[in-house]
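First to last, the protein sequences are chains G and C. Its first residue numbered 1, the first sequence is counted upward by one per residue in the working numbering. Its first residue numbered 266, the second sequence is counted upward by one per residue in the working numbering.
In case anyone wonders, no lab produced these hints; they're calculated from the structure. We treat Cβ as the ideally placed atom computed from N, Cα and C, and that holds for glycine. There's no promise every hint is true.
Label-pair distances were calculated between CB atoms; the ranges are [what the hints assert, rightly or not]: (1) C/ASN341 x G/LEU32: 23 to 33 Å; (2) G/PHE6 x C/PRO409: 38 to 48 Å; (3) G/ALA184 x C/ALA556: 56 to 66 Å; (4) C/PRO409 x G/ALA123: 23 to 33 Å.
Listed here are the chains, written in short residue letters.
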Amino acid sequence: MSAGRFRDLLVAEWIKLWSLRSTAWLVGLGTLAIVAFAAQSSLNAYQSWPGFTAMEKAMFSPLDEAFSGLSASLLMIGAGSLGALTIVGEYATGLIRTTLVAVPARHRVVAAKLTVVAVVTLATGALISAGTFGVSQAILSGRGVAVSLGDPGVLRVLAANALLAPVAALTGMGIGALLRHTAAAVVTVCAALVIVPTFFRPTVHQWLDDLYALVPFYVWRVCLGLPQVREDPALPTVAGSWAAFALWPLAAAAVTLIVVRRRDV
Amino acid sequence: MTRFRPGIGPRAYARRPLPRRGNRPTARCGPPPSGDNVDQVIEVNGLTKRYGAVTAVHDLTFTVRPGHVTGFLGPNGAGKSTTLRMIVGLNRPTAGGATIDGRPFARHRAGLRHVGALLDAADVHGGRTAAAHLRALAAGNGLPRRRVSEVLEEVGLEAVARRRIGGFSLGMRQRLGIAAALLGDPPVLLFDEPVNGLDPEGVRWARGLFRRLAAEGRTVLVSSHLMSEMENTADRLVVIGRGELIAEESLAAFAARGAGASVVVRTPDAAELAAVLALEGGSVRADGGDALTVTGLSAARIGELAHQRRIMLSELAPRAASLEQAFMELTAGRADYRAGARTDAHAGHQPGHATGHATGHQTDHATGRRAGAPSGGAR
Chain G
1 MSAGRFRDLL VAEWIKLWSL RSTAWLVGLG TLAIVAFAAQ SSLNAYQSWP GFTAMEKAMF
61 SPLDEAFSGL SASLLMIGAG SLGALTIVGE YATGLIRTTL VAVPARHRVV AAKLTVVAVV
121 TLATGALISA GTFGVSQAIL SGRGVAVSLG DPGVLRVLAA NALLAPVAAL TGMGIGALLR
181 HTAAAVVTVC AALVIVPTFF RPTVHQWLDD LYALVPFYVW RVCLGLPQVR EDPALPTVAG
241 SWAAFALWPL AAAAVTLIVV RRRDV
Chain C
266 MTRFRPGIGP RAYARRPLPR RGNRPTARCG PPPSGDNVDQ VIEVNGLTKR YGAVTAVHDL
326 TFTVRPGHVT GFLGPNGAGK STTLRMIVGL NRPTAGGATI DGRPFARHRA GLRHVGALLD
386 AADVHGGRTA AAHLRALAAG NGLPRRRVSE VLEEVGLEAV ARRRIGGFSL GMRQRLGIAA
446 ALLGDPPVLL FDEPVNGLDP EGVRWARGLF RRLAAEGRTV LVSSHLMSEM ENTADRLVVI
506 GRGELIAEES LAAFAARGAG ASVVVRTPDA AELAAVLALE GGSVRADGGD ALTVTGLSAA
566 RIGELAHQRR IMLSELAPRA ASLEQAFMEL TAGRADYRAG ARTDAHAGHQ PGHATGHATG
626 HQTDHATGRR AGAPSGGAR
């Protein structure tokens, strides 16, 4: 039977996502802003380079000019909000009732939503990761301090930068499904994904370090986002960091499926 | 796929039939009984929904059959919307269940092809255009894109298809909701208070549409809290009050429950005429001023009596048995009860009620009748 194919649900969710003007604005302006920020930061470094001390030159990280912690925060908040709004937008307006009468199989609706949001944010994250890298290294190559894709750790950093978006977006969906209230969901997304982890620092308490090592923004800052990873029991490992990147969206997807299925609408 | 069987009636969109892609016959046990299309019947069985101590719907059982417009009536807060939401699987019943096509609605994959429902015109995202809203719904059910323009034309919204729903009036949203319900050319249609916000022309259009959909052999359930809306639309009625079934019968049978036909008379000599009519066996009620409502005498007989006594009449108007009146009388006891107490704990202290219905149910509550309610249907 052709009706009820999963592909149909993906098309429906795709239409829903892009028929809201806010989606195009958020994705378009967000991408432009982060790439422009990389260009501005790299130009600044390019112009200041002759005045840098030897120490500053030795500490200089070209990848940081491309995609700083601020860029990562912006990307996570943007993607997290997008993910939250795709589900809160349905509950807050009541559209969810129309949606679920049209497609009563709730888990399929949620699966389609998760898939479309993951694909769109992964593509956006990849574009931003590649764009910021390309722009900044083109500028910095004028000073001979650019890195290339073949340099150690660079591809991992670029992959991690790109993956911040879908990780944040699916987490945002889970938060949105739980809270079902626009402002509450967006504030929680900002707090949980970025603001609180900003204050995490390696400590002398191993259990606290282990706890921090489960938080995507933290592991990106101290491990995945750096080309050279230090071996230190207080710091997360690369493998552990990837696991944290996988854990959050998977848990969020499970939460979304469960709460949407169980709750009356 | 559940589709109409030939012979039930003309297909709604016979001019533009849906492509029959991959029809799969539904498993049936023998021929359907007595001319009814068993696939289209809505069956509500022991449906109960409790929110904490409050019972919104209590042990509701009724059947809605194809080929008629069935009115779903009840005062505000009677549980109509809750019932409709449970029928389409949005709310999970505390006990009992509802089936469409013989199985719970939630088991259907392409919902729009089985049931079209307008539950609340506000259930849309104001940021999308009307066309985009319908396109997403159509896509999710594998319906061809042209259905969107077809239903927009059907409800008269083609001119605003590219405008965002946020700027729509309530009437336009109702039309959009009706358009969404028609998208999948479904054999069963549910409308919750569909004419709210429609202008008089729109109300007439909607009534005509419901009747036409029923005449095509579909099952059409239309809820309202206004009896008057049903008088010209529905053939059958399901009446509920305080979440319980009050009546399930034809419109005519329901109307007959009310006080019978009456005659309204206006005359400057109201007191004298009232005395005359009472003497002749009429039952007279003074409506204040120069108006009288008379039952038990025909308009012709009243005119004759007035003529004999040289009493001038300024108005002599027969009134058919009023549905509104029947509705009010039947639901009055329920409204009373609800205002007085909603929980079982208070039921025993309620004074007696005018109608047998209310008193009977009150006793049931006090004695914990729910213990016997079916619970196997809870999912």
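Here's how the hints hold up against the structure:
no.: 1; hint: C/ASN341 x G/LEU32: 23 to 33 Å; result: violated, 51 Å
no.: 2; hint: G/PHE6 x C/PRO409: 38 to 48 Å; result: violated, 18 Å
no.: 3; hint: G/ALA184 x C/ALA556: 56 to 66 Å; result: holds, 58 Å
no.: 4; hint: C/PRO409 x G/ALA123: 23 to 33 Å; result: holds, 28 Å
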